[in-house]
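Number of protein chains: 2
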Amino acid sequence: MAGANGSAAAEAAAHRVGAPTNPMATALLTDQYQFSMAYAYWKAGKHADRAVKNPFGGEFTVFAGLEECIKFIANFKFTEDDILFLQSVMPMCEDAFFDYLRKTDCSDVEVYSIPEGSVVFPKVPLMRVEGPVAVVQLLETPFVNLINYASLVTTNAARHRHVAGKSKVLLEFGLRRAQGPDGAISASKYCFMGGFDATSNVLAGNLFGIPLRGTHSHAYVSSYMSLDEIPDKSLKSKDGSRVCKNFVSLVKEWLQKIQLADSLCGVFGETNQSELAAFASYALAFPTNFLALVDTYDVMRSGIPNFCAVALALHDLGYKASGIRLDSGDLAYLSIEARKVFRTLEKEFNVPAFGKMIITASNDLNEETIDALNKQGHEVDSFGIGTYLVTCYSQAALGCVFKLVEINSRPRIKLSEDVAKVSIPCKKRCFRLYGKEGYPLVDIMMRESEPSPKAGERILCRHPFLESKRAYVVPQHVEELLQCYWPGTSNKPRVELPSLEEIRGRCMQQLEKLRPDHIRRLNPTPYKVSVSAKLYEFIHSLWLNEAPVIDSETKAAKHRYNIRTPCFME
Amino acid sequence: MAGANGSAAAEAAAHRVGAPTNPMATALLTDQYQFSMAYAYWKAGKHADRAVKNPFGGEFTVFAGLEECIKFIANFKFTEDDILFLQSVMPMCEDAFFDYLRKTDCSDVEVYSIPEGSVVFPKVPLMRVEGPVAVVQLLETPFVNLINYASLVTTNAARHRHVAGKSKVLLEFGLRRAQGPDGAISASKYCFMGGFDATSNVLAGNLFGIPLRGTHSHAYVSSYMSLDEIPDKSLKSKDGSRVCKNFVSLVKEWLQKIQLADSLCGVFGETNQSELAAFASYALAFPTNFLALVDTYDVMRSGIPNFCAVALALHDLGYKASGIRLDSGDLAYLSIEARKVFRTLEKEFNVPAFGKMIITASNDLNEETIDALNKQGHEVDSFGIGTYLVTCYSQAALGCVFKLVEINSRPRIKLSEDVAKVSIPCKKRCFRLYGKEGYPLVDIMMRESEPSPKAGERILCRHPFLESKRAYVVPQHVEELLQCYWPGTSNKPRVELPSLEEIRGRCMQQLEKLRPDHIRRLNPTPYKVSVSAKLYEFIHSLWLNEAPVIDSETKAAKHRYNIRTPCFME
Numbered sequence: 000m001a002g003a004n005g006s007a008a009a010e011a012a013a014h015r016v017g018a019p020t021n022p023m024a025t026a027l028l029t030d031q032y033q034f035s036m037a038y039a040y041w042k043a044g045k046h047a048d049r050a051v052k053n054p055f056g057g058e059f060t061v062f063a064g065l066e067e068c069i070k071f072i073a074n075f076k077f078t079e080d081d082i083l084f085l086q087s088v089m090p091m092c093e094d095a096f097f098d099y100l101r102k103t104d105c106s107d108v109e110v111y112s113i114p115e116g117s118v119v120f121p122k123v124p125l126m127r128v129e130g131p132v133a134v135v136q137l138l139e140t141p142f143v144n145l146i147n148y149a150s151l152v153t154t155n156a157a158r159h160r161h162v163a164g165k166s167k168v169l170l171e172f173g174l175r176r177a178q179g180p181d182g183a184i185s186a187s188k189y190c191f192m193g194g195f196d197a198t199s200n201v202l203a204g205n206l207f208g209i210p211l212r213g214t215h216s217h218a219y220v221s222s223y224m225s226l227d228e229i230p231d232k233s234l235k236s237k238d239g240s241r242v243c244k245n246f247v248s249l250v251k252e253w254l255q256k257i258q259l260a261d262s263l264c265g266v267f268g269e270t271n272q273s274e275l276a277a278f279a280s281y282a283l284a285f286p287t288n289f290l291a292l293v294d295t296y297d298v299m300r301s302g303i304p305n306f307c308a309v310a311l312a313l314h315d316l317g318y319k320a321s322g323i324r325l326d327s328g329d330l331a332y333l334s335i336e337a338r339k340v341f342r343t344l345e346k347e348f349n350v351p352a353f354g355k356m357i358i359t360a361s362n363d364l365n366e367e368t369i370d371a372l373n374k375q376g377h378e379v380d381s382f383g384i385g386t387y388l389v390t391c392y393s394q395a396a397l398g399c400v401f402k403l404v405e406i407n408s409r410p411r412i413k414l415s416e417d418v419a420k421v422s423i424p425c426k427k428r429c430f431r432l433y434g435k436e437g438y439p440l441v442d443i444m445m446r447e448s449e450p451s452p453k454a455g456e457r458i459l460c461r462h463p464f465l466e467s468k469r470a471y472v473v474p475q476h477v478e479e480l481l482q483c484y485w486p487g488t489s490n491k492p493r494v495e496l497p498s499l500e501e502i503r504g505r506c507m508q509q510l511e512k513l514r515p516d517h518i519r520r521l522n523p524t525p526y527k528v529s530v531s532a533k534l535y536e537f538i539h540s541l542w543l544n545e546a547p548v549i550d551s552e553t554k555a556a557k558h559r560y561n562i563r564t565p566c567f568m569e
Numbered sequence: 000m001a002g003a004n005g006s007a008a009a010e011a012a013a014h015r016v017g018a019p020t021n022p023m024a025t026a027l028l029t030d031q032y033q034f035s036m037a038y039a040y041w042k043a044g045k046h047a048d049r050a051v052k053n054p055f056g057g058e059f060t061v062f063a064g065l066e067e068c069i070k071f072i073a074n075f076k077f078t079e080d081d082i083l084f085l086q087s088v089m090p091m092c093e094d095a096f097f098d099y100l101r102k103t104d105c106s107d108v109e110v111y112s113i114p115e116g117s118v119v120f121p122k123v124p125l126m127r128v129e130g131p132v133a134v135v136q137l138l139e140t141p142f143v144n145l146i147n148y149a150s151l152v153t154t155n156a157a158r159h160r161h162v163a164g165k166s167k168v169l170l171e172f173g174l175r176r177a178q179g180p181d182g183a184i185s186a187s188k189y190c191f192m193g194g195f196d197a198t199s200n201v202l203a204g205n206l207f208g209i210p211l212r213g214t215h216s217h218a219y220v221s222s223y224m225s226l227d228e229i230p231d232k233s234l235k236s237k238d239g240s241r242v243c244k245n246f247v248s249l250v251k252e253w254l255q256k257i258q259l260a261d262s263l264c265g266v267f268g269e270t271n272q273s274e275l276a277a278f279a280s281y282a283l284a285f286p287t288n289f290l291a292l293v294d295t296y297d298v299m300r301s302g303i304p305n306f307c308a309v310a311l312a313l314h315d316l317g318y319k320a321s322g323i324r325l326d327s328g329d330l331a332y333l334s335i336e337a338r339k340v341f342r343t344l345e346k347e348f349n350v351p352a353f354g355k356m357i358i359t360a361s362n363d364l365n366e367e368t369i370d371a372l373n374k375q376g377h378e379v380d381s382f383g384i385g386t387y388l389v390t391c392y393s394q395a396a397l398g399c400v401f402k403l404v405e406i407n408s409r410p411r412i413k414l415s416e417d418v419a420k421v422s423i424p425c426k427k428r429c430f431r432l433y434g435k436e437g438y439p440l441v442d443i444m445m446r447e448s449e450p451s452p453k454a455g456e457r458i459l460c461r462h463p464f465l466e467s468k469r470a471y472v473v474p475q476h477v478e479e480l481l482q483c484y485w486p487g488t489s490n491k492p493r494v495e496l497p498s499l500e501e502i503r504g505r506c507m508q509q510l511e512k513l514r515p516d517h518i519r520r521l522n523p524t525p526y527k528v529s530v531s532a533k534l535y536e537f538i539h540s541l542w543l544n545e546a547p548v549i550d551s552e553t554k555a556a557k558h559r560y561n562i563r564t565p566c567f568m569e
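Residue numbers (numbering that gives the first Met the number 0), protein chains in the order written: chain Y, 0 to 569; chain E, 0 to 569.
Derived by calculation from the structure, the hints in this document are not laboratory data. Note that the structure is predicted; figures quoted are calculated from it, not measured. Note that beta-carbon positions come from the ideal geometry of N, C-alpha and C, so glycine has one too. A couple of the hints might just be wrong.
Said to hold, decoys possible - Which residues of chain E face chain Y? A partial, calculated answer using Cβ under 10 Å: (1) Ala43; (2) Ala47; (3) Leu151; (4) Arg212; (5) Gln258; (6) Asp261; (7) Gln482; (8) Cys483; (9) Pro486.
Claimed, not checked - Far from chain E, by Cβ distances over 12 Å, these chain Y residues were calculated: (10) Leu28; (11) Asp30; (12) Gly64; (13) Pro114; (14) Val162; (15) Arg176; (16) Ser236; (17) Lys256; (18) Ser262; (19) Asn288; (20) Val350; (21) Arg409; (22) Gly455; (23) Leu543.
Said to hold, decoys possible - With a Cα cut of at most 30 Å, we get these calculated BS3-like pairs of lysine-lysine: (24) Lys102(Y) to Lys167(Y); (25) Lys70(Y) to Lys70(E); (26) Lys426(E) to Lys468(E); (27) Lys339(Y) to Lys374(Y); (28) Lys426(E) to Lys76(Y); (29) Lys102(Y) to Lys102(E); (30) Lys355(Y) to Lys426(Y); (31) Lys355(E) to Lys165(E); (32) Lys251(Y) to Lys167(Y); (33) Lys453(E) to Lys355(E); (34) Lys102(E) to Lys235(Y); (35) Lys453(E) to Lys70(Y).
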């Protein structure tokens, strides 16, 4: 059972695969029925049969979660406590089965995968797992768990990036709305992968090196009553050359100047003094990073003038305020109004770049609201997105599943009454074919024994199920999709796990390379996924052999017929 | 800073509060802006001000997550590595601030909470946290994270239990669709709390003692080709008195008998032999727990007759098969047809209780589909529910928030342009008043200084915002809602954390005690939440004082007015 290089753990060490990010990702993290089946396979002597399984993506998806899967198998081992627990819940199983589990690791498993951060399409396998059937069965649940949410939220993040555009700053603020601590940590990691710039989650920043962002909340503003609450009012200038003894007085002077400014025609009256105190106090703590939440009381009547007074006072001392955050109200209107004030003050008081200060918006944003803001016109530079991003409101789960496609070199096909559950059988190689303009044209799946497609050579791409749909393609460039990330006992060269930054880069690059009509929000053109002529013939001969004869038109039989005319690709 | 009994850790040990379930629940699990604010408070010397904060539930909710919050504060401490990381991301902060963080724990924090598993209603605080403002600020994000999803999924589970009815078995199958490992573990824990009977998640079974369930998948069935693949065909009878040398032959005999049975009029023809092999092999491994997934090929033509043949063969040897699982197709129709066959065979072959075998259904079920099945009529005994349960499709996030309600004994109210964000200020006591029939009538919030309501004594309950809505209530029984779970340096008696089973019991009991019209699926009657006359006066005097004078009808000003006529309670 042990791999050529010794145990899986030794293998992991040799390849510097660390522990899974989540300490919960242990060998017990699987469905009970996987152990039931492992026992039944073991009992029948089938546990060492070699099985080949594929998880599939359901729609246009960014594939994520691979690194965690590889770390999972690298660390896959039952502790003695695990064994004792399993014995207690499965008392009917023979002792020798538990001895088998004690010795089980993933030395003998091989994992082939599309690189993490790739754009993937329905029916193309994301990953192929080969190994003893009992072990592969135990990996099914944790792999699907580690891939499903990861891919879903990365895809969601990429969609947000696409609608916001390249120039905007995207901040992930989902910690308090995710499924517990680790749901949140996954969200932060994979939103960054999908194109976000930073997170509010400090632990995720620590674990993955993701940039952190965050200033203050409404509660911070509410906690102040008056300017008297600031004990030390002195602030050193940025260059250290002088000390302003009473920064609060300076702020008050600026507030008066703003209120009297001709160019603003006296639009600002009394502002909230506790808010002013909170801003002044915050600026004293963070003179180099002053970004204020301006909607605790009233954005235009209090928040903006208070902020500007503090920002201009900071400017006197050589600092440059960062900007504001809006967390309620009409974000399009408020951002435009705020920008007007900033620009007016830039001119009025000759403060360079004051008009360009960052306006961050953060109130229950999602793809649709950002799209709506774009259509209305707005002056937001940076979006803070939480709930809709991390819970993936528009589609709260991804349908990735594991399919048994081959056992002991015999292809297997699962025929279900539900057509969406039918898989493409056998071990396959998958290629992405690129056209002249550099766009990917089509993905093609082939039998393992077939020669690879070559650049400049014509190849027939067939729809997997519809006989009439076929086309010849001459690719300019060919990319093999499935690569070896865990060679097990095979001597195949292994792809090293890239860094999170590299994966993020791949994701951004892949999305840019796609023909824009494939990723547009409205009525995107479906990307074509095809099979080779040989694989087409093979699938259809297998279907004819496997399908039991249906001899009547009963209700159940009708369900059964569906699988003969699937049309879920286009 | 240290508590009367020494450090928080010592306190935790004394009360046997263990580590949080999730190893990720460390002091760094918070939003960056909490540290920014902690620094700003510290810088302004306000960090030790005593703040009082409340998270609120947004709708009818089962409150969950308390135990994890208490464990979190019991273990709240920054490691030297945490400090180094924080210094690296906040280089602008003074060193003395990090010294302050090094010494920070939750000895000086007090937590009052509604017991976990309680049914709660909008506007009543679930929890009150009192302590130094900088520390309470750091707790906001993790508490909201630990409570939001926990309460959401517990509520969702309770709703599923309500629609399924008491007699059905509910199984949580969400591991592969949750937000990563810990999302899944939380889902398993809180679904059990909300009334589920078991989970498929082995690790959750191990961590929380939740019963485990699971048999086999479609892949297991697909992995077999023929009956020849079963090497050891012998099976000992249940009482150990004899050995059946060829169980497979016995199964085949039974299959023939079923096919020829008069009472079935030959409805069964050829069945799928690989499925038969998989069932026979599984029965040999689990003769005492034989439950088969019958829809891999064709439920009525293959799965049911194959299952019955194996079940009847087991019966010959003194075993009792458990039943079947349906994972596709028309679950109402198939369960009724399967039940008919079981009952017919019970009579035909005189096999007691064969008609009562368990029928489990598990295909993308949710509250609505179970309700639809109930209306159609079905024979399902047990529901396996995954995606819709754990992702909470119908509402993927709960709006629990933390509100600053008091600082240094001064009440604080947050006035937002968004009316839903307005809170009820000041430290409050909350009571549930019960009527003659034992149903809760109304929750009432009171000022801390007021005397508690008493059974048999008339008390005025007012709508918090509408002057005309008020009623006198004479409670038969009064329950104080907020109890002390973490006394900090106070000498208040502390409520011990109950076991998961006890919390589940409370949840079931509370739901049963509610007037049925409050929890019915369609147009439920809103439960009344009220304030005392004194609290009403206090809130409204505070509003008058806090609201800035609005002197024009600009757009922003209109937003601002909204808060004067909130009507979100009914």
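Structure versus earlier hints - violations, ascending order: Going through the list in order, the structure violates hints 2, 5, 6, 7, 8, 9, 10, 11, 12, 15, 19, 21, 24, 28, 29, 30, 32, 33 and 35 and respects the others.
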